[in-house]
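Participant: Given next are the chains, with one letter for each unit.
Number of protein chains: 2
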Amino acid sequence: MNFLLLEPDECAGDGDSVIRGRRAEHLRTVLQAAVGTTLRVGVINGQLGTATVTSLDANEANLRIELLEQPPPLRDTLLLAVPRPKVLMRMLAHAAAMGFARIVLFRSWRVDKTWMQSRALDTKVQREQLLLGLEQAGRTQLPELLRFDLFKPMVEDELPGLDLPHPRFVAHPYAATPTHQLAAIPTASGNQPGFTLAIGPDGGFLPYEVDKLIEAGFHAISCGPHALRTETALAALWGQLDLLRQRK
Amino acid sequence: MNFLLLEPDECAGDGDSVIRGRRAEHLRTVLQAAVGTTLRVGVINGQLGTATVTSLDANEANLRIELLEQPPPLRDTLLLAVPRPKVLMRMLAHAAAMGFARIVLFRSWRVDKTWMQSRALDTKVQREQLLLGLEQAGRTQLPELLRFDLFKPMVEDELPGLDLPHPRFVAHPYAATPTHQLAAIPTASGNQPGFTLAIGPDGGFLPYEVDKLIEAGFHAISCGPHALRTETALAALWGQLDLLRQRK
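Sequences listed follow chains A and B, in order. The opening position of the first sequence corresponds to residue 1 in the working numbering, with each subsequent residue numbered one higher. The opening position of the second sequence corresponds to residue 1 in the working numbering, with each subsequent residue numbered one higher.
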């Protein structure tokens with residue numbers, strides 16, 4: 001079923017809701033809704049439910065909203081070395097769709113300095129990408145975004161205060177545990193369920209950087225001897241860690 | 001270590017090899033090679049080894065090649081409903097990096113007809129994308145590419161002759177087995193090791209199409225209740241199936 005994500009000011013709760021302009025047009029042309037159509041809806045950072053279209057033209061749609069469920073708790077944190085701007089945009093959408101609660105963007109040695117000034121670091125642009133990912137996946141919770149421009153102060157001074165969930169993994173092709181040898185991941189370890197996954201830049205972390213992350217409680221893992229692009233590695237490793245978490 | 005992929009006519013075997021033009025320039029500026037640099041090399045559809053740069057200028061590089069190993073046997077087949085052209089280009093590179101032996105492109109009901117005429121269906125363009133993926137992953141074997149424009153004749157008449165490896169999976173978000181409940185995948189089942197993975201278009205297969213694939217020996221699997229983009233789903237599912245294959 002198609003999924004429509006509503007801004008909180010479009011939907012105060014159960015009852016009638018109006019959407020306008022480009023979004024009404026999207027509903028009509030892309031989601032091919034008509035009067036009587038029922039859609040799955042979610043409110044950004046809020047509940048999930050259904051909407052029935054009660055009227056619809058090119059400018060405006062009226063919806064009867066019924067909010068039915070709380071979104072699932074999000075647990076995982078992604079540490080991501082800033083990739084090329086276009087790739088970052090896509091990876092933000094991917095990460096939101098996968099259900100990361102937090103995305104920590106940072107600069108490491110092999111991150112091009114100019115990428116830190118790109119449009120993809122603009123929080124408004126990032127929000128749009130995150131919303132695309134949420135809409136794709138039928139989720140409502142926007143991941144929290146953090147940004148650190150210096151690697152060493154991040155690891156030494158900032159990470160300890162972030163209370164990153166355990167286990168913590170850093171993707172690293174060399175001297176790492178193959179993911180197929182990892183033990184199952186406990187589904188809830190006290191009050192810090194979930195996992196942390198750190199992904200380096202294309203070309204990888206420096207050995208020094210991996211060592212700093214290991215000191216901070218990360219385990220080096222690898223999904224095989226063939227290096228993958230960061231975008232592919234994120235999805236492959238997330239899939240594997242999520243499977244290990246759910247497998248009894 | 002950086003990896004350089006050579007055309008067979010650039011490298012007849014062990015001994016000296018010359019590369020020219022844009023590729024010599026790439027070696028010098030992107031891979032930052034100099035005289036004496038040793039690189040990992042591979043010959044397209046051939047062996048892997050090392051190359052030492054013996055001379056290098058803007059137009060030409062001379063390499064001393066030593067071929068040391070056969071590439072690993074490739075086993076897996078990807079059936080991919082043709083996505084939007086830009087996404088297809090990226091997914092071909094991803095699939096080559098993941099080590100698929102064969103990629104079967106096809107049209108299903110929700111594949112836009114115009115996408116079948118796009119530049120991304122041009123075999124020369126596709127080869128470039130595959131080479132990018134191989135170079136990224138340090139692989140040499142080009143996946144075989146097949147294309148079918150009609151779904152029903154493909155499943156009924158063509159698939160039986162392709163001898164697709166078992167187990168066969170089709171990604172389908174509904175009424176499917178969650179991947180974390182799958183049994184371990186046997187590493188070699190007689191003379192047909194590997195697996196087959198079918199990925200539908202955004203919006204998914206029709207129920208009729210899934211039923212046809214199930215009749216053809218496919219199992220419907222899902223990596224969770226949240227639909228992912230085909231690009232994310234490919235990497236996540238490949239990661240999970242590869243892990244289940246390697247896990248003892």
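Hints may be right or wrong, so weigh each one.
Which copy is meant is left open, so a pair is good if it fits within one copy or across any two.
Calculated pairs, DMTMM-like style, for lysine to aspartate or glutamate (alpha carbon to alpha carbon, straight line, at most 25 Å) [stated by the list, open to error]:
id, residue 1, residue 2
1, K86, E128
2, K152, E66
3, K152, E10
4, K86, E60
5, K86, E69
6, K113, E25
7, K113, D149
8, K86, D202
9, K86, D157
10, K86, D122
11, K86, D57
12, K124, D9
13, K212, D57
14, K152, D122
15, K86, D16
Hints listed in this document are in silico derivations from the structure and should not be mistaken for laboratory results.
Participant: How do K86 and D157 come out at 25 Å by Cα distance, when the copy is not named: within, between, both, or neither?
Facilitator: neither (30 Å within a copy, 41 Å between copies)
Participant: I want to check one pair: K152 and D122. Are their C-alpha atoms no more than 25 Å apart within a copy, between two copies, both, or neither?
Facilitator: For K152 and D122, the Cα distance is within 25 Å only inside one copy (23 Å; across copies 47 Å).
Participant: Is it within, between, both, or neither for K86 and E128, if the alpha carbons may be no more than 25 Å apart?
Facilitator: both (13 Å within a copy, 20 Å between copies)
Participant: Between copies, within a copy, both or neither: which fits K152 and E66 at Cα up to 25 Å?
Facilitator: Close neither inside one copy (48 Å) nor across copies (40 Å); limit 25 Å.
Participant: How would you label the pair K124, D9 (within, between, both, or neither) given a Cα cut-off of 25 Å?
Facilitator: Classified as within: same-chain Cα gap 18 Å, cross-chain 50 Å, threshold 25 Å.
Participant: How would you classify K86 and D202 at a CA-CA limit of 25 Å: within, between, both, or neither?
Facilitator: both (14 Å within a copy, 21 Å between copies)
Participant: State whether the alpha carbon distance between K86 and E69 is at most 25 Å within one copy, between copies, both, or neither.
Facilitator: For K86 and E69, the Cα distance exceeds 25 Å both inside one copy (34 Å) and across copies (36 Å).
Participant: Within a copy, between copies, both or neither: which one fits K86 and D122 at a CA-CA cutoff of 25 Å?
Facilitator: both (13 Å within a copy, 24 Å between copies)
Participant: Could you place K86 and D16 in one of the four classes (within, between, both, neither) given a Cα distance threshold of 25 Å?
Facilitator: neither (38 Å within a copy, 39 Å between copies)
Participant: Within a copy, between copies, both or neither: where do K152 and E10 come within 25 Å Cα-Cα?
Facilitator: For K152 and E10, neither the intra-copy (43 Å) nor the inter-copy (44 Å) Cα distance is at most 25 Å.
Participant: Up to 25 Å between alpha-carbons, please classify K113 paired with E25: within, between, both or neither.
Facilitator: between (40 Å within a copy, 23 Å between copies)
Participant: Tell me, please, which holds for K113 and D149 at an alpha-carbon limit of 25 Å: within, between, both or neither?
Facilitator: within (9 Å within a copy, 45 Å between copies)
Hints 2, 3, 4, 5, 9, 11, 13, 15 from the earlier list are contradicted by this structure; the remaining hints agree with it.
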